[in-house]
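Q: Letter by letter, the chains look like this.
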Amino acid sequence: MEKVPKILVVDDDPDLVESVKMMLENKNYEVITAYDGIEGLQKAKEESPDLIILDVMMPNKDGYSVCAELKADPNYNNIPIILLTAVVSHIPTTTYTQRMGMEIEADDYIDKPVEPSELVRRVDVLLRKG
Amino acid sequence: MKEFNGSRFTVHGQRTTVHGKRLTPECYGENHHMLKDANILVIDDEAVIRDGCSRILTKEGCRVKGVENGEAGLDLITNKGEPFDILLLDLMMPGISGMEVLDAVHSVDQSLIVIVITGYATVESAVEAMKKGAYDFIAKPFTPDQLRIVVRRGVEKRVLQREAEDLRKEREKSLKDIAYEKSRISTIINCMVDGVLVTDRDSQIVLHNPAATRLLEIKSLPIINKSLCQCVKNEGLVKAVATTLSAERSKYLEISQEITPCEGSARVFLRADTAPVLNEGGEIMGSVTVLHDITQEKELNQMKSDFLTMVSHELRAPISAIQQQLSVIEGGMAGLITEKQGKMLIRAKERTKGLLDLINDLLNVSSIDSGIVVQHKESIVLKEIVEKAYQLMEPEAEVRGIKMRLETSDPLPPVNADRENMEEVFTNLISNAIKYNVEGGGIIITLRSEGEFVRTDVTDTGIGIPEKDLPKIFDRFYRVKSSQTRTVIGTGLGLPIAKGIVEAHRGTISIKSKEGNGTTVTVLLPKASE
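Protein sequence lines correspond, in order, to chains A and B.
Numbered according to the working numbering, the first sequence spans residues 1 to 130.
Numbered according to the working numbering, the second sequence spans residues 131 to 660.
Since the hints were made in silico from the structure, they are not lab data.
Please note that the accuracy of each hint is not assured.
Below are the DSSO-like pairs computed for lysine-lysine, each with C-alpha atoms no more than 27 Å apart in a straight line [stated by the list, open to error]: (1) A/K27 <-> B/K479; (2) B/K483 <-> B/K533; (3) A/K21 <-> B/K533; (4) B/K479 <-> A/K21; (5) A/K21 <-> B/K473; (6) B/K369 <-> B/K306; (7) A/K27 <-> B/K483; (8) B/K483 <-> A/K21; (9) A/K27 <-> A/K43; (10) A/K27 <-> B/K369; (11) B/K470 <-> A/K27; (12) B/K287 <-> B/K195; (13) B/K518 <-> A/K129.
Kindly produce the complete structure, drawing on both the sequences and the hints.
A: As structure tokens, this is what we get:
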């Protein structure tokens, strides 16, 4: 039997983590969770998930930094990352890039809230690619 | 010995009316009326001369007064309310001589015309009198015609004198007026809180007030007659003045912009309105810029929008979570639900979605207010943007059976704009065209070049906007209330946001509509400069 893909969901809002987890588990993915950037980074390294869903606005370490750090590490830069953005399109990643002086290389962006079918579709696309 | 005597005059029973009028040019504009209303004093010790003059001249319409010696005459000249125009003065009189009277008279009234009456053989004394300022002389004996002629000449002179005097006064007055006006304008300009900066055609500063140099933080004074780019550190302002000055005759260009005194300093914000100064022929003679300090407004606006952003984010997070949870339950991922529960959850999700849209719009408004929108301008092809918005909205249109069509004329020049903003604008406009349409209606989107602009029209066959609502349609939170719009979910922020974005790109947005007959929204965006 094929190995069930493991997905790491990182968000500081436990309710959101819970609902995303249920959406993914419903499709038989294995879901692990983290509640801030630091924990997320640690779990990403320990558990080597097949995909990471990462909230942008988090205390301690925001999603952009986590994403940038993982992408800069040759051991983890092949893990697809979906950034969960709650910010309106007007404060786009380009602004952040300009401000922080670094390129964000997330594999996809999803606006919160997301419909279950849409989330699963995007996850499937990235996993198939990998 | 007098040839001239009373018997030669006809005495008229009818007395000439003495008018209270002052001698004016109109009174004797024509020769035969010349003497009318002239005010004449005769000083002669001989009663027959006085009476004779009086008779002849009164007949001509003059007012004549006669006195028999110099003292009485001087007394009249000095104390009489109404000045005399002509003085007929005998030189040879007992008491004060005519010469002395002449001297005295001219020290009182320079303009009084004096005609001396001399004896037949005393030409010398006449010459002397003329040297002393007498205007003319008449030798005794004289005929009525001679008298009339000499008096008439005197009156003519008097009139010319008056006219010259009036003209001189007028000129003095207008010079005074100009000087006064100038000082008044400079006083007004100097007292203004707003800065005023005037340049000539070559961008040289020709006029400014203290507020202008203060607001622009110009330290090296004076700046009069210096070129603008030498004194002003803000490139935007220098450029705006240059653009205004080089505008074509037919185009009256007014540029309004927000600037900072020096490029990069963000402490002070000014609004600079630059307009050309035209001469009577409509040619551009220079430019005038009015500077208004908007630092406080900006700060307040910033605080307001920070607050709005904060509140919106705080609202958005929990609603997002609720929405997400509702999706999970509704999707049956947390256990089976009944059909009725499912319907209610769908409705609940629609409501939370409406709430999220509102918050998103609020965030958009605040980001427009804080000027975020104009930060990532690039040269973009508007057609691509509109096509993207078109595709995004297509499914929604299909649901309502609305036919959409996109018409463009190729090739269209690019516009200088923020991509995401433009997507927002056109998604918004198309969404409105769908939402406020009728089942099976139509939408036509056209793109074409129009002068300096790329013009986009979004036309729908929808319910239209009542005339009374049109002026307010771009107001925040304004929504047309009718039975048809009640079921449409909207925030009343879509059009104001679109307007904010378009205007931040120096474009214009306008709307034409007739209730029941559809709506056309027109967006003009300036072409990107080569």
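Q: Does each hint hold? Answer for all of them.
A: Status of the hints after comparison with the structure:
1. The straight-line distance between the Cα atoms of A/K27 and B/K479 is roughly 22 Å, inside the 27 Å bound, and the hint therefore holds.
2. A distance of roughly 26 Å separates the Cα atoms of B/K483 and B/K533; the hinted pair therefore holds under the 27 Å criterion.
3. Between A/K21 and B/K533, the direct Cα distance comes to roughly 40 Å. Violation of the 27 Å bound is thereby established for this hinted pair.
4. Annotation: proposed proximity of B/K479 to A/K21 holds, straight-line Cα distance about 19 Å (limit 27 Å).
5. Pair hint A/K21 plus B/K473 holds up; C-alpha atoms about 23 Å apart against a cutoff of 27 Å.
6. Annotation: proposed proximity of B/K369 to B/K306 is violated, straight-line Cα distance about 39 Å (limit 27 Å).
7. Simply put, A/K27 and B/K483 have alpha-carbon atoms about 25 Å apart, close enough for the 27 Å limit, and the pair holds.
8. Only pairs whose Cα atoms come within 27 Å are accepted, and B/K483 paired with A/K21 is accepted, the gap being roughly 21 Å.
9. Between A/K27 and A/K43 the alpha-carbon distance is near 22 Å, which keeps this suggested pair within the 27 Å criterion.
10. Using a Cα cut-off of 27 Å, the hinted pair A/K27 and B/K369 is violated, with the two alpha carbons roughly 61 Å apart.
11. With a C-alpha separation of about 25 Å, the suggested pairing of B/K470 with A/K27 holds against the 27 Å cut-off.
12. With a C-alpha separation of about 20 Å, the suggested pairing of B/K287 with B/K195 holds against the 27 Å cut-off.
13. Pair hint B/K518 plus A/K129 holds up; C-alpha atoms about 25 Å apart against a cutoff of 27 Å.
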